[in-house]
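Engineer: Residue strings, one per chain:
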Amino acid sequence: MKENHEELDLLPAYALGSLDAEDSDRVREHIARCRSCREELASYQEVTGRLALAVPEQEPPAWLESRIMEKVLSSRRRRSFPEFLGMRLPALAAVAAVLIIALGAGNIYLLSRPFQSQALVPGLVTVVLTGTGETPQAYGTIVIDRDDNRGVLAVRGLAPLEASRAYQLWIFKATERRSGGVFNVTADGYGSLQITVPAGFTGFTGFGISIEPAGGSASPTGARVMSGKI
Amino acid sequence: MSVEAQNSSWMEHVDPDDEELIRQISQAQPEAVRVLYRRYGRMVYSVALRAVGDPSAAEEITQDVFLRIWEKAKTYRAEKAKVVTWIARIARNRAIDVYRQRRSRDDRASAGWEELKQAAAAPAPHPGERMEMARLQERVRDAVASLPPDQRTALALAFFQGRTHKEIAEELGEPLGTVKTRIRAAMQKLRSILDEAGEL
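Going down the list, the protein sequences come from chains H and B.
Those letters in the first sequence? Residues 212 to 441, by this note's numbering.
Those letters in the second sequence? Residues 21 to 220, by this note's numbering.
Honestly, the hints are just simulated from the structure, not real lab data.
You can take every hint at face value.
Just some of the chain B residues that point at chain H, by a computed CB distance under 8 Å:
1) 53
2) 69
3) 83
4) 108
5) 112
6) 210
7) 214
In the DSS-like style, the derived pairs of lysine-lysine whose C-alpha atoms are separated by at most 25 Å in a straight line are:
8) B:209 to B:100
9) B:102 to B:92
10) B:209 to B:186
11) H:282 to B:94
12) H:440 to H:384
13) B:92 to H:282
Which stretches of chain H does chain B cover? Using the computed rule of at least three CB atoms under 8 Å from a CB of chain B, they are:
14) 220–229
15) 256–266
16) 272–285
Just so you know, even glycine gets a beta-carbon here, dropped at the ideal spot from N, CA and C.
Please take these sequences and the hints and turn them into a complete structure.
Structural biologist: In structure tokens form, the structure reads like this:
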């Protein structure tokens with residue numbers, strides 16, 4: 212049985228938003244401490260929502276759907292990276308996992324196709340990395356979101372390094388080289404890295420990996436072991 | 021599972037339910053917005069058009085609503101409201117905002133529940149997908165149509181234009197207490213009808 216509060220009579224109008232400010236404040240204060248009235252209010256809010264279904268339907272113009280989708284996609288590209296990561300990290304992690312599994316299968320060509328077609332996660336670009344003359348057995352893939360300049364790298368076939376050295380990813384643009392991060396590989400040669408392109412470094416065209424002192428270098432100093440172009 | 025059964029399960033297409041679509045949107049899957057738009061775009065546009073009376077403004081409102089759904093899907097709480105209620109609330113709030121901005125210079129808005137029966141007979145573009153929606157719409161329209169005319173009028177002014185009791189009383193030239201009673205009675209009756217029909 213519901214308690215009989217004075218505010219009970221105001222709940223239908225509160226749900227509709229038709230109370231004046233004073234009564235609205237009174238209801239708001241009351242429902243903050245009265246569970247039974249909160250439940251009562253929720254049922255009237257559902258009624259208010261349902262009223263939209265009683266409105267005689269009009270057909271919106273056909274172009275409206277594509278306009279909305281354009282705005283949605285455009286908004287997605289503008290999202291800041293923290294929000295992007297919050298929502299897409301599972302997708303990127305899944306991509307990285309698939310990359311590592313596929314690298315194990317050793318079929319870099321098949322691996323790269325779905326990403327180049329951007330079918331799995333629209334908006335991401337795939338770059339295939341191959342080993343240099345010193346590490347012909349190494350291969351890897353970078354999946355990067357060029358709108359937000361973040362991505363992931365997965366490699367296989369690199370030799371584990373001693374603690375004083377590390378692999379460093381370099382991002383190329385003409386003669387410029389910027390660090391994309393430092394990583395190491397497991398005993399069986401697998402490695403991965405979450406990439407952050409330095410702010411303002413737009414228009415980059417490729418990637419390379421070199422062996423550097425642990426912690427990385429300001430510019431490449433060691434031998435290049437892998438590279439790939441966008 | 022037999023090969024035939026596997027093939028059958030692959031070929032079978034089941035539309036995600038509303039909550040699943042919101043979950044997908046919260047994970048930045050744009051195609052879920054398209055599915056949700058096809059499900060509720062007409063409702064949103066129709067509420068907006070009825071509130072502001074101007075097709076181009078209703079189009080803008082509809083875009084705003086779905087962009088807001090895209091951006092705010094993570095804030096949706098299933099325990100607080102059904103998806104249709106959440107979307108309707110966003111649409112109505114946005115439409116009322118625009119109505120208030122425009123009402124001093126534009127009087128094309130028509131707050132009313134006219135043509136309820138004619139609307140029920142309107143052709144549905146995707147009959148298969150919309151059967152459930154059409155059934156729900158018919159229930160709600162019947163419930164609204166069952167209200168006394170004076171209750172319907174007061175309810176419409178509150179619903180479409182966001183008017184307060186006092187503003188409605190002034191608009192209708194009725195005592196404030198009368199308007200309060202009409203709106204309360206209308207909402208109580210609607211809740212009772214929809215509850216009995218299992219729609220709440």
